[in-house]
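Participant: Using the sequences plus the hints, can you model the full thing?
Protein chains in written order, with my numbering: chain A, 1 to 121; chain B, 122 to 268.
These are computed hints drawn from the structure, not numbers from a lab. Please note: incorrect hints may appear among the correct ones.
Said to hold, decoys possible - In silico DSS-like links for lysine-lysine, alpha-carbon gap of 27 Å or less:
#, chain 1, residue 1, chain 2, residue 2
1, A, Lys-114, B, Lys-162
2, A, Lys-96, B, Lys-162
3, A, Lys-80, A, Lys-114
4, A, Lys-114, A, Lys-96
5, A, Lys-96, B, Lys-216
6, A, Lys-112, B, Lys-216
7, A, Lys-80, A, Lys-96
8, A, Lys-112, B, Lys-162
9, B, Lys-162, B, Lys-216
10, A, Lys-36, A, Lys-112
11, B, Lys-179, A, Lys-114
12, A, Lys-112, A, Lys-96
13, A, Lys-80, A, Lys-112
14, A, Lys-96, B, Lys-179
15, A, Lys-96, A, Lys-36
16, A, Lys-80, B, Lys-179
17, A, Lys-80, A, Lys-30
18, A, Lys-96, A, Lys-30
19, A, Lys-119, B, Lys-162
20, B, Lys-162, A, Lys-36
21, A, Lys-80, B, Lys-216
22, A, Lys-30, B, Lys-162
23, A, Lys-36, B, Lys-216
24, A, Lys-2, A, Lys-119
25, B, Lys-179, A, Lys-36
26, B, Lys-216, A, Lys-114
Since the structure is predicted, the reported quantities are computational estimates derived from the model, not experimental observations.
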Amino acid sequence: LKEFLLGLFVFLSLVSFLVLVAAAYRTYRKSLEYAKMTDIACTLATQFCFGRTPAVLTLENQPLEGVYSFGRENFRFQAKITMFDGTEIGPGIMHKGVEVEVPALVEEVPAKLKVVVWKED
Amino acid sequence: VERGLADILTLGFVFITLVCSATLLLLWVDFPLRSARERQKQLQCELLYFALLNWRSKNSNTTFPQHVLENLLGLREGGWENFAEILRFWISGEKWVRVEVSVENRSWVVTLGNRVDRFYRSQGMLSLLPAGTGGSMIRARMEVNLG
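Facilitator: Below is the structure:
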């Protein structure tokens, strides 16, 4: 009985270890995807902010909504500019996704640029 | 006795392996996301630095660092009274921010929030031409820390 219990303990430990590895791998993949979306949001924010003058938003020829293709994957994005006085430029309803908010200027007015990225189904 | 000791060693080894592997896995799983968040904060710090560098008030043509420099040299009084409010608007959600403009042995510092151990720094030497100095360039340093 003692040997059986010992074997059972080792077996259950092995099973729980495998379950742990599987769960960790799943979380790792998810984390990798969120990291990729954060990086895409940062790239888009950089495209908006590093135009003629750094941190001054260039809105010409820059769509505030669209699709960003990364390899075979397609990510959708939305960008919204909030001025210091509360004025907003961009889509009315923002989609849920990975958000990146950076300080910027619209001409001389302090503003914030928020970029939301999510994966297209 | 030997048999009992072997059993205890086996159980102990399995237990320690489980605890160590669980700890390592928990540290490893969100590593990509943590790195991406750090890159994001680095970008925020860079953009805050450049936003401050290029920020001019509506009424005058002077930039923010130039205005601070003129204040430090005693050439101008006041201005940018709502700076802390704007800084708070820019970095909402961040834990700590510190902006410093210094020239020679004088410096102007604004700090918001409590200092954190991990922070990002953007800094640069600026050649500014303050009004009332007879056209001579003055070298100033601007530093932005964001944590």
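Participant: Hints first: check each against the structure and report whether it holds.
Facilitator: Outcome of the hint check:
1. Distance check on the hinted pair: Lys-114 (chain A) and Lys-162 (chain B) sit about 14 Å apart at the alpha-carbon level, within 27 Å; holds.
2. The straight-line distance between the Cα atoms of Lys-96 (chain A) and Lys-162 (chain B) is roughly 21 Å, inside the 27 Å bound, and the hint therefore holds.
3. Restraint check for Lys-80 (chain A) and Lys-114 (chain A): satisfied, since their Cα atoms lie roughly 5 Å apart, inside the 27 Å limit.
4. A threshold of 27 Å between alpha carbons decides the hint, and for Lys-114 (chain A) with Lys-96 (chain A) the separation of about 12 Å falls inside it, so the pair holds.
5. The straight-line distance between the Cα atoms of Lys-96 (chain A) and Lys-216 (chain B) is roughly 24 Å, inside the 27 Å bound, and the hint therefore holds.
6. Under the criterion of a C-alpha separation no larger than 27 Å, the hint pairing Lys-112 (chain A) with Lys-216 (chain B) is consistent with the structure, at around 17 Å.
7. A C-alpha spacing of about 13 Å is found between Lys-80 (chain A) and Lys-96 (chain A), which places the hinted pair at or below 27 Å, so the restraint holds.
8. For the proposed pair Lys-112 (chain A) and Lys-162 (chain B), the alpha carbon gap of about 14 Å is at most 27 Å, so the pair holds.
9. Taking the CA atoms of Lys-162 (chain B) and Lys-216 (chain B), the gap is about 11 Å. The hint holds against a cut of 27 Å.
10. Simply put, Lys-36 (chain A) and Lys-112 (chain A) have alpha-carbon atoms about 22 Å apart, close enough for the 27 Å limit, and the pair holds.
11. The straight-line distance between the Cα atoms of Lys-179 (chain B) and Lys-114 (chain A) is roughly 24 Å, inside the 27 Å bound, and the hint therefore holds.
12. The suggested pairing of Lys-112 (chain A) with Lys-96 (chain A) holds, with an alpha-carbon distance near 18 Å, which does not exceed 27 Å.
13. This hinted pair checks out: Lys-80 (chain A) and Lys-112 (chain A) have alpha carbons roughly 8 Å apart, not beyond 27 Å.
14. Straight-line distance between C-alpha atoms of Lys-96 (chain A) and Lys-179 (chain B) comes to about 35 Å, which puts the hinted pair past the 27 Å bound.
15. For the suggested pair Lys-96 (chain A) and Lys-36 (chain A), the alpha carbons sit about 16 Å apart, so the restraint of at most 27 Å is met.
16. For the hint pairing Lys-80 (chain A) with Lys-179 (chain B), the CA-to-CA distance comes to about 23 Å; that is within 27 Å, so the pair holds.
17. Between Lys-80 (chain A) and Lys-30 (chain A) the alpha-carbon distance is near 26 Å, which keeps this suggested pair within the 27 Å criterion.
18. Simply put, Lys-96 (chain A) and Lys-30 (chain A) have alpha-carbon atoms about 16 Å apart, close enough for the 27 Å limit, and the pair holds.
19. This hinted pair checks out: Lys-119 (chain A) and Lys-162 (chain B) have alpha carbons roughly 22 Å apart, not beyond 27 Å.
20. Using a Cα cut-off of 27 Å, the hinted pair Lys-162 (chain B) and Lys-36 (chain A) holds, with the two alpha carbons roughly 15 Å apart.
21. Restraint check for Lys-80 (chain A) and Lys-216 (chain B): the C-alpha separation of about 23 Å stays at or below 27 Å, so the hint holds.
22. For the proposed pair Lys-30 (chain A) and Lys-162 (chain B), the alpha carbon gap of about 21 Å is at most 27 Å, so the pair holds.
23. A C-alpha spacing of about 24 Å is found between Lys-36 (chain A) and Lys-216 (chain B), which places the hinted pair at or below 27 Å, so the restraint holds.
24. With a C-alpha separation of about 53 Å, the suggested pairing of Lys-2 (chain A) with Lys-119 (chain A) is violated against the 27 Å cut-off.
25. For the given pair, Lys-179 (chain B) sits about 39 Å from Lys-36 (chain A) by alpha-carbon distance, which is inconsistent with the 27 Å threshold.
26. The suggested pairing of Lys-216 (chain B) with Lys-114 (chain A) holds, with an alpha-carbon distance near 18 Å, which does not exceed 27 Å.
Checked against the numbered hints listed earlier, the structure breaks hints 14, 24 and 25; every other hint is satisfied.
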